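Asks: Those protein sequences? They're chains D, B, F and L, same order as listed. Per the numbering used here, the first sequence starts with residue 1, numbered consecutively. Per the numbering used here, the second sequence starts with residue 92, numbered consecutively. Per the numbering used here, the third sequence starts with residue 183, numbered consecutively. Per the numbering used here, the fourth sequence starts with residue 914, numbered consecutively.
Just so you know, the hints here were simulated from the structure itself, not pulled from any lab data. Any given hint could be a false lead.
Stated by the list, open to error - Part of the chain B face toward chain D, derived, beta carbon under 10 angstroms:
| no. | residue |
| --- | --- |
| 1 | 103 |
| 2 | 111 |
| 3 | 114 |
| 4 | 115 |
| 5 | 135 |
| 6 | 137 |
| 7 | 149 |
| 8 | 163 |
| 9 | 164 |
| 10 | 166 |
| 11 | 171 |
| 12 | 173 |
| 13 | 175 |
| 14 | 176 |
Stated by the list, open to error - Below, a list of computed lysine-lysine pairs in the DSS-like style, where the Cα atoms sit at most 27 angstroms apart:
| no. | chain 1 | residue 1 | chain 2 | residue 2 |
| --- | --- | --- | --- | --- |
| 15 | F | 518 | L | 915 |
| 16 | F | 210 | F | 234 |
| 17 | B | 159 | F | 375 |
| 18 | F | 375 | F | 234 |
Said to hold, decoys possible - Beta-carbon label-pair distances, calculated as ranges:
| no. | chain 1 | residue 1 | chain 2 | residue 2 | range |
| --- | --- | --- | --- | --- | --- |
| 19 | L | 985 | F | 248 | 29 to 35 angstroms |
| 20 | F | 509 | B | 171 | 40 to 46 angstroms |
| 21 | F | 264 | B | 125 | 36 to 42 angstroms |
Note that this is a predicted model, so its numbers are computed, not measured. Built from N, CA and C at the ideal position, the CB exists for glycine as well.
The residues making up each chain are set out below.
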Amino acid sequence: MAGTLGSGVLMRVRVLVRPKAGILDPQGVAVEQALPALGFSGVTDVRIGRLIELEVDDASQVEEMCRKLLANPLVEDYEVQLLGEASGTAA
Amino acid sequence: MAGTLGSGVLMRVRVLVRPKAGILDPQGVAVEQALPALGFSGVTDVRIGRLIELEVDDASQVEEMCRKLLANPLVEDYEVQLLGEASGTAA
Amino acid sequence: MSDAALPTVEEAVALGLTRDEYALVCTKLDRPPNQVELAMFSLLWSEHCAYKHSKKLLMTLPTEGPFVVMGPGENAGAVDVGNGLACAFKVESHNHPSAVEPFQGAATGVGGILRDIFAIGARPIAVLDSLRFGNPLTSERSRFLLDGAVSGIGHYGNSMGVPTVGGEVYFEEPYEQNCLVNAMALGLGETEKLVRSAAAGVGNVLVLYGASTGRDGIGGASVLASAELGELSEDKRPTVQVGDPFEESKLLECSLELLERGLIVALQDLGAAGLTSSASEMASKGEVGIDIDVATVPLREADMEPFEIMVSESQERMLCVVEPGKLAEVIALTDKWEVHGTAIGSVTDTGHMRIFRGEELVGDMSVAALVDDCPLYDLSPAAPTQQLYPAPAAVLGEDADAQEALLTLLASPNIASRRPLFEQYDSIVQSRTVRRPEEADAAVLQLPGGGGLGVSIDGNGRKVAADPYWGTIAVVLECASNLACVGAEPLGTTNNLNFGNPEKPHIAWQLTEAVRGLGAACRALDAPIVGGNVSLYNEGASGPIYPTPVIGMVGRLPDVERAGRLGFAQEGDAIALVGPFRPALPASELARLRGEALPDGLPELDILAVRSAQEAVRDAVREGLLSSAHDIAEGGLLVAVAESALAGSIGATVELGDADDAWTALFGEAPGGFVVSGHPAAIAQLAERVELDIIGAVGGERLHAQAAGAAVDVALADLREAHGALAQLFA
Amino acid sequence: MKFGVLQFPGSCDEADAQLAAGRVGEAVLLWHRDRDLAGCDAIIVPGGFSYGDYLRAGAIARFSPMMEEVIAFARDGGLVLGICNGFQVLCEAGLLPGALLQNTNRRFTSRQVHLEVVSPDTPFTRACAPGELLSVPAKHGSGRYYAPDDQLDAMEAAGQIVVRYAPGECFNGSARDIAGVCNEAGNVFGLMPHPEHAVDALTGSTDGLRIFESMALAAGGAHV
Ligand SMILES: Nc1ncnc2c1ncn2[C@@H]1O[C@H](COP(=O)(O)OP(=O)(O)O)[C@@H](O)[C@H]1O
Ligand SMILES: [Mg+2]
C-alpha cells in the first residue's frame, strides 16, 4: 500500500496514457482522416490518449496509481514523467 | 494554408492539451476524490487533458493544426513537443 | 500448399478442439490441417459458432407462426408488422468480454447486435439491455462492472442514434464473477426487401468494407464463449476489442444505401470468428465455394499471418457479394460513406473455402465440412441431488413489519428505480418512442402508417434456478404480460440462453428443462421463437451463474394513442387485482432479502388461464378502459401498487380483506397478476371477462394498505426516496 | 419556408429535425460534402455525434464544405439553428460565443427539462411569451456552457441568453444555467436541449414546436 508519508515537498508529475499498440484508436483514426480536408497533409500515425498532471507529496506512489486508477492496463500503456518540485509545499 | 511540401523526413510530434486554469475539470476532480479511498494520500491539483501523438513530414504545420483543430483556445492550452525523427520516412 | 510444419494435435486441443474432433477434421480433409485450416476449423467447430451442445435442444422450439417472416438461421429473425413492414429483432450476449473490460465489452456487444439487424436490411430502431451482476452493495467489482457496462451501452447506442428504450438489471451473488451483458436490438425494413446472407452467383465478387483488420480478439469471442472464464490464462485472453460507433454508423448508412440501390446480392456482418465464419456461412447458405485473398484485406497492423487475418474479430466490418458489373458503383458508395470497400475474393463453384495469399494457396477446405460437419453432442442431464446455490445473506430481519419490508423491497437493487441507468441512454432519438422507460411495462414505438410496437425483455435467474421449467415459463409469461399492459399482442420471441458448463449433468438438466419450458410457453402464447443466442460456460470459481434464459418479445398494438401506462392517473379510480394470481413467497425478492434458500421447485400454473387474463387486460387497454395497467412481478402486489403510485405521483388505498397470509398476499410473486386502475364502471366491465378483485382506490399523497392485520401507511415522498436507492451507486 | 438540415457522418437527430421543421415548412437534408444550400431560408445543424464526437464535440464537423457555406450564410444574416451537437459545431465554428464542456456529472444524461424563455424577441423565440416554460428533452455528455464572466455579462445585457434551464434542472453545470444563446446579430441560435423532440404530444410534448414556428414567422413564410 502507498502508505509512506510524503517528504513535505510537492512534486509535479505528468502521466501520459496512450492506447496500447495494436489496440484500435478510433479517435486517432478519425482525426487522421479529417486532416487532409483541413489542408494538412503528410500526417500519419495519429494516436490520441490522455494527459494527466498532478502534484503529489510522494512520487513513488504514482506508478501504482497508474496501474490502479489512471490507466486501464487492458487497453492503455502509461508513462510517468517527474517534472520537478511544484511551486507550493505540502501542508 | 499549410501547403508546403514535406522534407521527406517524418518527425514524431507530441501535443499536450490541457484545460485552461480556472476552468472546472470534472474528471480531474473525480480522480482526485477517488484517490484517498484507494490508499493514495497527498495528491492535489489533478488536471486531465488530451495527449496527441503523430508523425508529420512538415513539423511547421503543427502549430496551426493545434490552433485550428487539436485544441480549443477558449478553454484549452496546448504545448507542442518535437520528439525527433520517426523511424520510417515519408513516401 | 506450403510445407511448413503442420500443427500437432496438442495445438488443436489448445485451440479448443477435442482429440476426436481433430481426428474428424483430418478425415474430412483427408490429411492433417495446416495452420490456417486448423484455426478456421477450431473456430467454426467451437461451441459459440457450432452450437455443439445446444443445437439439438434448439430444434425443439416452435419457430413458425402467421407473423414470422424470417426464423432462426439468419442474422436476425423478423416478424410482419403490417403495411408491408417487418420488424427484425434478436438478443445477443457479450458476457465474457464484458467481464474482462465492461465498457468496451458492452459497447461492442451493442455494436454486434446492431450489425445483425442491418445485415438483413432493417434499420435499427431500438436497443434493450439485460444485465446481471453480483451484489453492488457489497462488491466493488460489481459496481465497477455495472458502471462500465451501462456507460458502454450508452456510448454505443447513443452515438449510433438508436434509442435504448428498455432493459432489465438484477443483482445476485452467483453473477459476481461472471456478469451477464445481453443486448437486444430491433429494426424496421420493408418485408420484400429484407436480404439473406446466402452467397450466390459464381463469379461474383466479395467486398469487405468498414474498419481495417487488426489483431483484436483473435480467437476471442469464440474462445471466450466456449470455456469457463477461470480456465483462461492471462495470455489466452484475447486483445480487448475497442468499439467505434462512428465507424458503425457510417457502416449502417452505407449498407442500407447499398441495399436500397439494389447494388448487392448478399450481406453479412463480421462477428465472432470474423471473416472465417461470415464467409463460410455465406458460402454454406448459398451452396457455393469462396476464394479469399488475404493479401488484399486492409490491415491495421502490418505482418499479420493469413490465419490471423482469417480469424481476427475486429469490429465494424461487413462483407457483401456483388456482381462484377456493379463493383465500381459499390466501391464508390463505400467511399462516399468513408468505409472504403475492397474486393477480397469471389464466389466459386468449388464448394470449397480456398484461402490465398496472393498467388499462394494457404488453405483449402470443403464448406460443408467447416459449417455442417461439426459433431453435435447429446447432453447428459441429471437433476442435482442438492441445492447448487448457497442462500443469500439476510438483509431484512425476522421481526420487520410490513412497512419496513415494503421500503426495503423498494430500495432493493433488484426493484429500485432504474433511472440512474436509463438516464444514460438516449431513449427518444428517431422520434418513435411513445412510452419511455418507467412510463409503462413495455416500451412502445410508433410505426409509420399507424399502429405501434410494444417490446419487452425479461429474465429471472433465481426463479429458473428454483425450477428451470416453470421458472422459464414464468419469464416468458412476464414478457407477454408486459406487452398486454401497453395493449400489444405478441408476434414473436427471441431468447438468449445464459447457462453454465453444459458438459456438467446438472447444468445440462437446467438447460434442457429451460428450453422445454421456453417451447411450452411460446407455443401456448403463439409467440414463436424467431432467433436468439446461446451463451454457455458462464461459471466462476465459486460455481455456475443462475441459469438465465433472457426473453425478448415484440408485439403489435393498433393504436399508439391508447398505449397503456403504468402510473395511476385519476383520483377516485378503482384499483383492481386482475388475473389468476396465486402468489407465493419462496424464490421471491422478499425471500432473498430474508436470506432464504431457494426452494426445490415452483408451483405449477395454468398457462392458458394466464394467457386469457393477458388478453382481457390487453383488450381493455386497447379500448381505452383503463387509466393504468401494471403486471405484478418482483416484490409482489404491494410493490406493484407502490410503483403505479410513484409513476403517477398519486397515492392509493388498498385493502386485501382477509387474505390467509398477509405477507404472501402483499409480497408473494407469481405470473398472471395485474394491478389496474380505472373508472369503477370500466373495472366492472372488465370483471365480466376475467377474474378480478377490486382492492382499493386511487387518491391522496400516501399509500395505505391493509391485509389481515398487517398495515402500511407511508407518504409517497418516503416511497420515492426508498425507490431512488440506485442513485448512490452512480454518484 | 424551406429548412435545410445538415447531415454529417455520425449525425443522429437529423431525421428528427427534418420531421419537426417539416411541420411548419419544407425541410431537406444537406450533405456535409456538398456546397449548395439549395435555396433554404434557414439552416439547422442537428444533434448527434458528428465524426463520433472524437477529439472534441463538433471540432471536425465545423470544417466541412457545407459548414463553410453555412458560415457565409450566417454572416449574411441567414437564420441558423444549432441543436445539441449542432450548438457545439456552431461554437467551434465561431458563429456563437463560448464552448461546451463535459457535464459536471461526467455522464451522458438524458432527461426532460423545462426551459425558461429569457429572450422572447429573437427570431427563434418570438412565438413564445417572456418567461414561458417549455418542456423539452435534453440528452448529452458535453453540454456545460462556458464563456468568460465578462463576456457572459455582456451577453446578458445584449439579450443573447435565449433560454435557461428552469431552477434546479440544470444537470450539466452550465454557467448561469444557460441552455441556449444567440449571436450578437440574433440570427444564429444554439441550444443543448432538443426542441425537435418536443413536437408531438404522442412522443412527449409539443413545446419545442414554438422554436420552429418562431423561425417560420421570422422568415415570413409560416405555413402554420
Ligand atoms: N436460443 C436460440 N433460440 C433460437 N435461435 C437461436 C438461438 N441461439 C441461436 N439461434 C440462431 O442461430 C443462428 C446463429 O446465431 P449466431 O451464431 O448468434 O449468429 P450471428 O453470428 O449472426 O450472431 C441465428 O439465426 C440465431 O437466431
Ligand atoms: Mg450475424
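Asks: Between residue 375 of chain F and residue 234 of chain F, is the straight-line Cα distance small enough, at 27 angstroms or below?
Replies: violated (32 angstroms)
Asks: Per the CB criterion, is residue 149 of chain B less than 10 angstroms away from chain D?
Replies: Given a least distance of 6 angstroms, the restraint on residue 149 of chain B holds.
Asks: Please verify whether residue 159 of chain B and residue 375 of chain F have alpha carbons no more than 27 angstroms apart.
Replies: Measuring from Cα to Cα gives roughly 45 angstroms; hence the hint is violated.
Asks: Mind checking the hinted window 36 to 42 angstroms against the Cβ distance between residue 264 of chain F and residue 125 of chain B?
Replies: violated (52 angstroms)
Asks: The hint names residue 111 of chain B as touching chain D; please verify it with the least Cβ-Cβ distance against 10 angstroms.
Replies: It is violated, given that the least Cβ distance between residue 111 of chain B and chain D is near 13 angstroms, above 10 angstroms.
Asks: Is it true that residue 985 of chain L and residue 248 of chain F lie within 29 to 35 angstroms of each other by Cβ?
Replies: 57 angstroms Cβ-Cβ, so the 29 to 35 angstroms window is violated.
Asks: Does the alpha-carbon distance linking residue 210 of chain F and residue 234 of chain F stay inside the 27 angstroms limit?
Replies: It holds: about 18 angstroms lies between the C-alpha atoms, which stays within 27 angstroms.
Asks: Is the interface hint for residue 163 of chain B satisfied, with its Cβ closer than 10 angstroms to some Cβ of chain D?
Replies: Violated. Min distance 14 angstroms.
Asks: Are residue 114 of chain B and chain D close enough, Cβ to Cβ, to be under 10 angstroms, as the hint says?
Replies: violated (14 angstroms)
Asks: Hint validation: residue 135 of chain B versus chain D, beta carbon distance must be below 10 angstroms. Holds or violated?
Replies: holds (5 angstroms)
Asks: Would you mind confirming whether the straight-line C-alpha gap from residue 518 of chain F to residue 915 of chain L stays at or under 27 angstroms?
Replies: holds (26 angstroms)
Asks: Go through the hint on residue 173 of chain B and say holds or violated, using the shortest Cβ distance to chain D against 10 angstroms.
Replies: At 14 angstroms from the nearest chain D Cβ, residue 173 of chain B fails the 10 angstroms test, so the hint is violated.
Going through the hint list in order, the structure does not satisfy hints 2, 3, 4, 8, 9, 10, 11, 12, 13, 14, 17, 18, 19 and 21.
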